[in-house]
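Asks: Keeping their order, the protein sequence lines are chains A and B. Position 267 (the first sequence) corresponds to 267 in the UniProt record's numbering; numbering is contiguous. Position 2 (the second sequence) corresponds to 2 in the UniProt record's numbering; numbering is contiguous.
Careful, some of the hints might be misleading.
To be verified - Subject to a maximum C-alpha distance of 20 Å in a straight line, what follows is the list of computed SDA-like cross-link-like pairs (lysine to any residue):
1) K149/B / P224/A
2) K17/B / P224/A
3) K208/A / F94/B
4) K125/B / A203/A
5) K150/B / T620/A
Stated by the list, open to error - Here chain B is said to cover these stretches of chain A; the calculated rule only asks that three of the stretch's residues, wherever they fall, bring their Cβ under 8 Å from a Cβ of chain B:
6) 204-217
7) 447-461
Claimed, not checked - A few chain B positions that, by computed beta-carbon distances, are all more than 10 Å from chain A:
8) D19
9) E21
10) G55
11) M58
12) E70
13) L76
14) E77
15) S80
16) E82
17) T105
18) N106
19) V140
20) K150
21) L151
22) A152
Quick caveat, the hints were computed from the structure, so don't treat them as lab data. Idealized CB from N, CA, C, for every residue including glycine.
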Amino acid sequence: MHKDQHSRRKFIQSLGMLTIGFSMSGVVSSRLRADTTLDPSAPDTQNARLDPKAIDSWLTIREDGRVTIRTGKMELGQGITTAIAQVAAEELNMDIAAIDVHLAETEYTPNEGYTAGSMSIQSSAMSVRKAAASARERLLDLAAQELALAKGSLELQDGLVQGGGKSISIYALLKGKQFAASISSDVPLYATSRRKIVGQSIARMDIKHILTGEPHFIHDLRFPEMVHARIVRPPAHGAKLLAIDDRAIAQLPGLAKLVRVGSLVAVIAEDEYKSITLSEAVAPHLTWKFEKALPVGELLRDHIRSLPTDSKTDKQSEGWSDQVISDSVVRHQASYFKPYIMHAANGPSCAIARYTDGKLSVWTHSQGVYPLRGAIAGLLGLKEELIHIKGVPGAGCYGHNGADDVAAEAALLAMEFPDRHIRLQWMREEENAWEPYGTAMAMELEAALDREGRIQGWKYDLWSDDHGVRPGGDADNLLPAWYIEKGHGAAKSGFRGGATRNAEPYYIIPHMHLRSHIFRGPLRRSSLRGLGAYANVFAIEAFMDELAEKAAADPIEFRLNHLRDSRATDCLRMLQREVRKVNCHDGEGIGVAFARYKNAAAYCAIAAHVSVDSRKGNVTVHKLWAVVDAGEVINPDGLKNQIEGGMVQSISWGLMEEVNFDDTHVTNLTWASYPILRFQEAPAIQIDIIDRPHEAPLGAGEAAQGPATAALVNAIYRAAGIRVRELPIIKALRVTGVGDRSSISHENPINFGQFIFCI
Amino acid sequence: MKETFTIRVNGEKYRVKADPETPMLYILRNDLSLNGPKFGCGLAQCGACLILLDGVAMPSCSYAIQHVGETEITTLEGLSGEEGSLHPVQQSFFEEQAAQCGYCTNGLVVASVALLHRNPHPTEKEIRAELQRNICRCGVHARAIRAVKKLADR
C-alpha cells in the first residue's frame, strides 16, 4: 500500500507498527505504552510465584507512581476492569485513573480459573480489595519507620504517604522492591470506613476507547508479517476426511499453506480476504464421510425424554411420599420445555498464535487462560511451561462459546506454520454451527396446595444434558481434538450441578422431591449464561403463577406467602409498588417472577408488561422492571447494565431463539435463520437496586436470565389467557393460536424473522 | 489479480493494491489498520461493519473496493475531532454508557450519525427503525436509543 507523501505517520500506522504493543488496560488511556508481556520471552520473574495469598500476586507499585492490578479474570463486557480498579483505588486512596488493570495472562496474573458463574466480583474483586488494603497498611508501617512517626498520624493518598509535614512516595518506600508480604484476611477496609469510590457509578473508560475505534478487541491485534487462516469445515460433527484433491488445490493461487492434520483442514494466506475465498475454493475438493445422525421427525421435547439418563434424587424432604400430593385438596401438574439456544456472539471467535523457538504464544478471548493452557498442552503434546497465553477481550460470550476452540485451532496451525503470527477468525456460519450450545431441557412439575392456598408438596423432574463442558485443562473438550485423529476421545462429562442450578425453589415448602435426569443429547453443549437456572427458574416461576391462580391469590402475594428471607420479600414488595402504577388496557398484561440466583447470589424480581395478538402470534414487550439486591454494590450503573442486558437477552431467548437442525447438522447459520431481538422489539427498562453496603457483594451477571422469561410468559397469560410452557414463545403462540401442534417438526422450522413485533 | 485503487477515507487519500472484489471491511481493517468497522457476519445482516459512504451508513462487508470510486468513506475513527474530542454521538453513547462488550458499538454510532445527519430530530420510532439492522447481543438497546434521543431532543 502506498500513501500520498504528506501523511507518513498514517502510513506507518497502516503497517500496524504502532498497534502491536497496546495495553490491555480498560481504565486509562495508555494504549501506546509498551506491553512487554506480549513477548513471552520476557516474563515478569518478580511475580513468577503468583501465590494468591501474596500481595505481589495482585498488585505492583510502579516507578511512575501508577499501580498495576492483576486479575485472573477476563473483561467480557461486564465491566469487571472498572469494578476491580474501583475497589483498589478505594483501599489505596488514589485516583482511579492511576490504576491499570492487567487481565488474565499465564505467568503474570493469578490463576483464577474461569471468568464464569457471576463470580468475578465475589472472588477476584474481593481478593484485590484485601490485597490493596494489606498493601496500604504495609506502606503505612514502612513510612512510620522511615519517617519516625506514629502510623496513626500518617495518611496514604495518591501514591504519597504524608504526615508531620513530611512526605514520601510509595515507590521510594519500597526501595525498588515490591511487598514480599501476605494478604491479611482481617485487614481494615476503607470500603467500610470511607467508601468514596466504591458504590459510585464510575464510567467505564474502555467504552471511550471502543467508541473512538482504539484497539480493544482481540480482533484488533496486528503483528508484523501476520498471516490469516480459515478452517474448511466438514458437513457434520464427527465427519472424517476421506480424500483431498491435492492437484486441484495446488492450482489455487495465493495459498501460503494448506494444513491438514487428520480431518482438520485449514488454509493460510497472507491476505485475510484471500483466506476466506480460498477456504470456499478448497471445500469442493474435499470428500467427507459422515453420518446422518441427528434425530428428526419427532419433537425435541419428546426426544430428550426418551434418551437413557443418569437419574438422581437431588432432594427428598423428610416424610416425603407421593401421597403428600395425591391426598391433597388442590393438585396441579405442568410440563415445560426449553430448546437448544446459541451464545451467538456478535463477533465470531478469533485467536492469534505463534510458535517460534520451541515456544507457543496464544492470544485468546477465552474465559480461562490457565485451563486453556492445560488443554492446549494436551492437544499438542507440548509442555505447559512452553505455552504462554494472554487474554484479550473479544465480543461478549455469555458463557463457553467458540473462544477456546478457535484458540486451540490457531495453536495447531501455528505448529504447522511456525515463526509467523497466525490469525484465525471463525466465520458467522462456523460460530452458529460449531459452538457448544445451551442444552435443551424439560421440566415436569407437580404440586399440592392446602385449603389456605399454601404449597404442601412439590415434585420436580428435570431432564437436561450436562452444562459446563469446558476444556478445564482437558484437550478432549476442545473441538479440534475430535478431528486431528491423535487419539483424543469424545467430550468429557460436564457439570451436573449446572443442570440443577436453581432447580430447588427458594420458597418455603414443607415437602419436596427433586430429581434430575441427565441425558446425552444430540448437539454439542456447554455453559450458557445462567446454565440450568434459566430453564429451572422459567419453569418454577411459571408454575408458581399457575399455582397462585389455583389458590385464587395475587401472584406477588402468593410468592410473599412462601418466602421467609426478608431480602427476597423486599425485592418483591418494591416491584409490587412499581407495577401497581400501571394501567393495563385490553390485550395487555403484567407478569412477575422472582429468583435468587443459585439460591445464594443476587436476588432479582422482574415484571414484564406485554400486549399479545394471539391470532397472529405476536407479542409486544412494552416494559421490563427489575428490583435487584446484589448486596454491596461496587458500581451501580455497571450492575444496572448487567441486569438490563440480561433481561433483554433472556426475553430474546424466550421469544424467538431455538437451534434447528436437519438429520446432519445445525441449519440456522445466519442472523436471518437465527433471529434475535432487535431495536424495534426492545422494551423500555426500569431497574431499581437495593444497595446493602454492609453485606457481601453477590454475583449478579446471570441473575436476570430466569426471572425475565418467566415474567414474560406470566404476562402473556394475563394478557391473552394462554399459558406458554414451551419455548420459544412465538412458536408456541403460533401453535396454540392458529397452528396445529403436529405440524411443527425440525424439518419445518418456522422462520421467526417473519414475525412483526408492534411497538 | 490485484489492482491499484485510490480511495478517500477519513479525509485522506490512500493508494491500495487489492483484488477488486475485496470488501472494504478488509481494506479498512487490514490495509489501513482501522478498528472501527468489525466483522460480524459478512452478510450485511448485523451492522457491525457499518461505515459512512458520503454520509450514508452502509455495511462494509458487502461493499467491494472496485465500487468505491470517488465516494468519501468515513469510519468511526473519522468522527472524532483532531485532539481526540468526541463526536456528539460518541459523547452521548459514553455518557449513557451505552455499551457492554462494545462489539456492536461501531455500527450503532455510525448508523446514528447517518440518521441525525439526514434527520436531526428523529422520533424514538425513527431511531428504532434506523438501528433495526444492528445486532446487539449484550442488550444495550434501551441505552443506545436514549443516547440518540438525547441528541434528537436538543
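Asks: Compare the structure with the hints numbered earlier in the document and write down the numbers of the violated ones, lowest to highest.
Replies: 1, 4, 5, 7, 8, 9, 13, 14, 15, 17, 18, 19
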